[in-house]
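A.B. asks: Here's the letter readout for the chains.
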Amino acid sequence: MSKISVEEVARIARLARIGLTADETATMAEEIGRILTFVDQLQKVDIAGVEPTDQVTGLTDVWREDEVRPSPPREQLLAGAPAQKNGYIVVKRVLNG
Amino acid sequence: MAKSADLTRPIAELAAEVQAGKLSAAELAEASLARIRETREFHTTLELNPDAVKEAAAVDARIKAGEHLPLAGIPYAAKDNYLTASTHTTAASHMLEPFQASYESPVIERLRAAGAVLVAKTNLDAFAHGTSTENSDFGPTKNPHDPTRVPGGSSGGSAASVALGQVTFAIGSDTGGSIRQPAALCGVVGLKPTYGLSPRTGVVAMASSADCMGPLTRSVGDAARVLDVIAGRHPGDATTIERDPESYVVTSGNLAGLKIGLIKEYLGEGLEPEVKTQLLALAELLKKHGAYVEEVSVPATEQALAAYYILVPAEVSSNLARYDGVRYGYSSAHAQSLEDTYFRSREEGFGPEAKRRIMIGTYVLSSGYYDAYYKRAQKVRTRLIEQFDAAFKHYDLLLGPTSPSPAFKIGAKAGDPLALYLEDVMTVAANLVGIPAISIPFGEVNRLPVGLQLMAPQRAERRLLAAASATESLIAHTKGGARA
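Protein sequence lines, in the order shown, are assigned to chains A and W. In terms of our numbering, the first sequence is residues 1 to 97. In terms of our numbering, the second sequence is residues 1001 to 1484.
Simulated from the structure, these hints should not be mistaken for lab results. Each hint should be verified, as a subset may be incorrect.
What the hints assert, rightly or not - With beta-carbon atoms standing in for the labels, derived distance ranges:
no., chain 1, residue 1, chain 2, residue 2, range
1, A, Asn-96, W, Pro-1235, 41 to 47 Å
2, W, Lys-1022, A, Lys-85, 22 to 28 Å
3, A, Arg-69, W, Arg-1447, 51 to 57 Å
4, A, Glu-51, W, Thr-1478, 44 to 50 Å
5, A, Gln-76, W, Arg-1447, 47 to 53 Å
6, A, Arg-14, W, Ala-1419, 25 to 31 Å
7, W, Asp-1051, A, Ser-5, 34 to 40 Å
Claimed, not checked - Keeping only pairs whose Cα atoms sit at most 25 Å apart, straight-line, the calculated DMTMM-like set for lysine to aspartate or glutamate is:
no., chain 1, residue 1, chain 2, residue 2
8, A, Lys-92, W, Glu-1347
9, W, Lys-1264, W, Glu-1302
10, W, Lys-1375, A, Asp-23
11, A, Lys-3, W, Glu-1030
12, A, Lys-85, W, Glu-1097
13, A, Lys-44, W, Glu-1302
14, A, Lys-44, W, Glu-1295
C-beta atoms are modelled at their ideal positions from N, C-alpha and C, and glycine is treated no differently.
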């Protein structure tokens, strides 16, 4: 039995905003199940009293001066947007009615 | 090709000749483009820089105007996850197929300032997710030593390009071995610096707590010369660290008295016996030249890959959330609503491996699983760091193979994500610990190159490069001796 159900995979896909077909969902359940079985070996490590690591070089609170700096022109930054109008990014309608 | 424009020559020689006016940067750029065309069947590059010769001419003009440039006219290739002004950037994914960056990676800017000339963008596993370059949405790169085999990954195009002499060096990114493993499989040198030594900004993000930018070269000396240019803090990446005030180009490497720990866990099950035999022979050779080498146990390395495949997908799922079909990149033409734009653009734009990693990452970060998976993996990461710190109290450097075996056949591991993940079993620890590591070619198994890996404490690049350079000379000398 897989470590993760097809229903759970469908739930995760919704959270991640990824469309999956029924076939893909089934394959994904099987593959993710195998990977989760592999990572189960972490249960063997004694982690009592150990703090989690987020950052490896010990840097904290890196500051810089709050100053105005040049930025690329708006047109250039917007050039990659799939749809734009009057200097705005265009998206599909969110509210109906 | 004229001998002088042979791109396999050391950077120091080529740059000196360009600086002295004996060779021109334009000539080198043309030689590079010609070599790429001659060897195009290996599919190392995704796009040539249309301005390469023009940019090279600008370098020639700067030299004439009196500038002294450390990488004068040296042609190089950049992995196609580096943002560049003169070409597109795809990360080898359909998601970014129509993408033109609006700013450049500081690594690219620093290389240009030093006189290097960007000639091409190289192939990779899409979004740098992979160990074979087979996950590229534009087709695999072939290994220069055997075109039926993979070049490793994810910087496979960069490694193969250097091995083929298309460019003098290439740059790649290494999140779990993506510079070192392809370097090993293609028979070149690959350097992953200390976390934060070279800026990540302007490179398509994979896992921000582990991504490192570094060079792939034909020699340790060349790697040091490139590192010397790209290292140092940058305001665009708050995690960058101060560079060493001294040059990274360390010419005198001495093995005598050096204490080297051979990581025991990397010599066990899964390591191809012939790789082990050759590595142990090399350890003996290092001893004969005055180094003190013995086996050391770093037990948490056995769980490093498992921790990596929780932490990295978690960060991947977060970093790839920006691909929403709205701001840039691929956008589905079939979407009916804004939410549908997200679902369909991500469904159609991402390949299977990116989806798999986003899914695993979302799962281990989701409510109810966070402590059991993500937080536990972060604590195992701490354990690993503690054990490396302890090992470095006794040893100057740690040694092991880069990869358990030489290059495998294209397609041999298709459909088995876990088998491909295992390719990185010896390289991920350096990323989780944040230490520098270098792969250098040291032998052949069935006429395919294999690499050894040396690791040093954080910020000890000079020590690492000096020892790697001495080891490289020893290997070259031994091979020369055997042939004579």
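A.B. asks: Look at each hint and say if it fits the structure.
C.D. replies: Evaluation of the provided hints:
Hint check: A/Asn-96 to W/Pro-1235, Cβ distance near 44 Å, so the stated range 41 to 47 Å holds. Under the hint 22 to 28 Å, the C-beta atoms of W/Lys-1022 and A/Lys-85, about 56 Å apart, miss the expected range. Look at A/Arg-69 against W/Arg-1447: about 54 Å separates their beta carbons, and that is inside 51 to 57 Å. In this structure the supplied range 44 to 50 Å holds for A/Glu-51 paired with W/Thr-1478, their Cβ-Cβ distance being about 45 Å.
About 50 Å separates the C-beta atoms of A/Gln-76 and W/Arg-1447, a value consistent with the hinted range of 47 to 53 Å. Judged by the Cβ atoms, the range 25 to 31 Å given for A/Arg-14 and W/Ala-1419 holds: they are separated by roughly 29 Å. One distance hint, 34 to 40 Å for the beta-carbon pair W/Asp-1051 and A/Ser-5, is violated here, with the actual separation near 53 Å. For the hint pairing A/Lys-92 with W/Glu-1347, the CA-to-CA distance comes to about 17 Å; that is within 25 Å, so the pair holds.
A hinted pair counts as satisfied when its Cα atoms are at most 25 Å apart, and W/Lys-1264 with W/Glu-1302 qualifies at roughly 10 Å. For the suggested pair W/Lys-1375 and A/Asp-23, the alpha carbons sit about 31 Å apart, so the restraint of at most 25 Å is broken. A threshold of 25 Å between alpha carbons decides the hint, and for A/Lys-3 with W/Glu-1030 the separation of about 55 Å lies outside it, so the pair is violated. Between A/Lys-85 and W/Glu-1097 the CA atoms are separated by roughly 22 Å; this keeps the pair inside 25 Å, and the hint holds.
Restraint check: the Cα-Cα separation between A/Lys-44 and W/Glu-1302 comes to about 11 Å, which is no more than 25 Å; the hinted pair holds. Only pairs whose Cα atoms come within 25 Å are accepted, and A/Lys-44 paired with W/Glu-1295 is accepted, the gap being roughly 23 Å.
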